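*Asks:* Sequence:
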Amino acid sequence: MSISQYGYLYDKTKSIGDQVNILSTEDILTALQDLNGLLDEAKKIDSAINIAISTTLIEENSLLHRSRVAIMERFLDLNNDVALKVRGKMAVLLEERNKIKNGRQGVSGYLSSSQNPTRFVNESA
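The sequence shown begins at 1 in this note's numbering and counts up one residue at a time.
Since the hints were derived computationally from the structure, they do not count as laboratory data. Quantities reported herein were computed from a predicted structural model and do not represent experimental measurements. Among the hints, a few may not be true.
[Stated by the list, open to error] Taking lysine-lysine and the DSS-like style, the derived pairs with C-alpha atoms no more than 25 Å apart in a straight line are:
#1 Lys-14 to Lys-85
#2 Lys-14 to Lys-43
#3 Lys-44 to Lys-12
#4 Lys-14 to Lys-89
#5 Lys-89 to Lys-101
#6 Lys-12 to Lys-89
#7 Lys-44 to Lys-89
#8 Lys-99 to Lys-89
#9 Lys-99 to Lys-85
#10 Lys-12 to Lys-85
[To be verified] Simulated restraints, written as ranges between beta carbons of each label pair:
#11 Ala-42 to Asn-98: 29 to 39 Å
#12 Lys-43 to Asp-81: 13 to 23 Å
#13 Glu-95 to Ser-62: 14 to 24 Å
The C-beta atom is built at its ideal place from N, Cα and C for all residues, glycine as well.
My request is simple: use the sequences and hints to build the entire structure.
*Replies:* Put into structure tokens, the structure is as follows:
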């Protein structure tokens with residue numbers, strides 16, 4: 001995988017992370033499925049590169065290897081950040097579902113405008 005391909009993978013993940021709070025759950029799932037496809041492709045190419053490194057076709061200290069390691073470290077950090085954001089959003093939605101199941105209605109701002117309730121329940125009353 002070339003450095004530009006790693007950069008594309010990183011940028012794709014970053015855009016998902018930047019948009020987690022504004023996308024619908026379906027949009028996030030679609031984006032994550034696309035990302036998983038890219039990751040599968042990256043794994044195959046990485047395996048080929050690792051074989052090339054192990055057979056000394058690519059030197060371990062080469063610019064390609066160092067750049068590849070650096071961008072993968074950035075990608076892993078970003079991936080962890082995106083995962084935390086998605087888990088946070090899902091936790092809020094789970095809490096809302098539990099409130100609705102208990103006869104109360106929750107509003108987090110994650111609902112689309114077509115799903116926003118017109119009536120609010122005051123739980124303290």
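*Asks:* Run every hint past the structure and note whether it holds.
*Replies:* Hint-by-hint comparison with the structure:
Simply put, Lys-14 and Lys-85 have alpha-carbon atoms about 12 Å apart, close enough for the 25 Å limit, and the pair holds. A hinted pair counts as satisfied when its Cα atoms are at most 25 Å apart, and Lys-14 with Lys-43 qualifies at roughly 19 Å. With a CA separation close to 18 Å, the supplied pair Lys-44 and Lys-12 stays within the 25 Å bound. With a C-alpha separation of about 17 Å, the suggested pair Lys-14 and Lys-89 falls inside the 25 Å cut-off, and the hint holds.
For the proposed pair Lys-89 and Lys-101, the alpha carbon gap of about 18 Å is at most 25 Å, so the pair holds. With a CA separation close to 20 Å, the supplied pair Lys-12 and Lys-89 stays within the 25 Å bound. Distance check on the hinted pair: Lys-44 and Lys-89 sit about 31 Å apart at the alpha-carbon level, beyond 25 Å; violated. Restraint check: the Cα-Cα separation between Lys-99 and Lys-89 comes to about 16 Å, which is no more than 25 Å; the hinted pair holds.
Between Lys-99 and Lys-85 the CA atoms are separated by roughly 21 Å; this keeps the pair inside 25 Å, and the hint holds. For the proposed pair Lys-12 and Lys-85, the alpha carbon gap of about 16 Å is at most 25 Å, so the pair holds. A beta carbon spacing of about 37 Å between Ala-42 and Asn-98 agrees with the range 29 to 39 Å that was offered as a hint. At roughly 21 Å, the beta carbons of Lys-43 and Asp-81 sit within the given window of 13 to 23 Å.
In this structure, Glu-95 and Ser-62 break the distance hint of 14 to 24 Å, their C-beta atoms being roughly 50 Å apart.
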